[in-house]
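Q: Positions 1 to 89 (the UniProt record's numbering) are the ones given, in order, by the sequence shown.
Derived by calculation from the structure, the hints in this document are not laboratory data. One or more of the hints may lead you astray.
Claimed, not checked - Below, computed lysine-lysine pairings styled on BS3-like, alpha-carbon distance capped at 25 Å:
| # | residue 1 | residue 2 |
| --- | --- | --- |
| 1 | K66 | K32 |
| 2 | K66 | K34 |
| 3 | K50 | K34 |
| 4 | K66 | K45 |
| 5 | K32 | K50 |
| 6 | K50 | K66 |
| 7 | K66 | K54 |
| 8 | K34 | K54 |
| 9 | K34 | K45 |
As the list claims (entries may be wrong) - Pairwise CB distance ranges, derived in the manner of DEER restraints:
| # | residue 1 | residue 2 | range |
| --- | --- | --- | --- |
| 10 | G10 | G70 | 16 to 22 Å |
| 11 | D65 | G10 | 25 to 31 Å |
| 12 | Q83 | A40 | 30 to 36 Å |
| 13 | D29 | K50 | 17 to 23 Å |
| 14 | A40 | P12 | 16 to 22 Å |
Even glycine gets a Cβ: it sits at the ideal position worked out from N, Cα and C.
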Amino acid sequence: MFVVIFGRPGCPYCVRAVQLSEQLVESRDDFKFKYVDIHAEGISKADLEKTVGKPVETVPQIFVDKEHVGGCTEFEQYVRDNQLLAAAV
1 MFVVIFGRPG CPYCVRAVQL SEQLVESRDD FKFKYVDIHA EGISKADLEK TVGKPVETVP
61 QIFVDKEHVG GCTEFEQYVR DNQLLAAAV
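Make a model of the complete structure from these sequences and hints.
A: Below you can see the structure in the form of C-alpha cells.
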C-alpha cells in the first residue's frame, strides 16, 4: 500500500495525516507513504485540482494506491474501515 499526502507547512490536518502514516509504517510491512509539500514543490491549487479531479478547497489531499480518498478525516476513516492499525484511530 502506498499513500501520497499533498499538504502544506503549518497545517494541523496535514501533520495528523503524516503522524498516522508514520504509525502505519511502524506497524505494517506493506505500508509506505510520501508527503508532498505543495509550497516547496510549487504545486498550485489548480494543479492539485487536476490531480484530484475535482475542486479542492483544503489540504491535505490524500491518495491510497493512486485512488483519491479525501482529506485527513477521510483517511482516518479509511484506516478504521480497513482495520489497518491494531488499535483504533
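Q: Hints first: check each against the structure and report whether it holds.
A: These are the hints, each one checked on the structure:
| no. | hint | result |
| --- | --- | --- |
| 1 | K66 x K32 | holds, 13 Å |
| 2 | K66 x K34 | holds, 12 Å |
| 3 | K50 x K34 | holds, 19 Å |
| 4 | K66 x K45 | holds, 19 Å |
| 5 | K32 x K50 | holds, 24 Å |
| 6 | K50 x K66 | holds, 14 Å |
| 7 | K66 x K54 | holds, 15 Å |
| 8 | K34 x K54 | holds, 21 Å |
| 9 | K34 x K45 | holds, 19 Å |
| 10 | G10 x G70: 16 to 22 Å | holds, 20 Å |
| 11 | D65 x G10: 25 to 31 Å | holds, 28 Å |
| 12 | Q83 x A40: 30 to 36 Å | holds, 34 Å |
| 13 | D29 x K50: 17 to 23 Å | violated, 33 Å |
| 14 | A40 x P12: 16 to 22 Å | holds, 18 Å |
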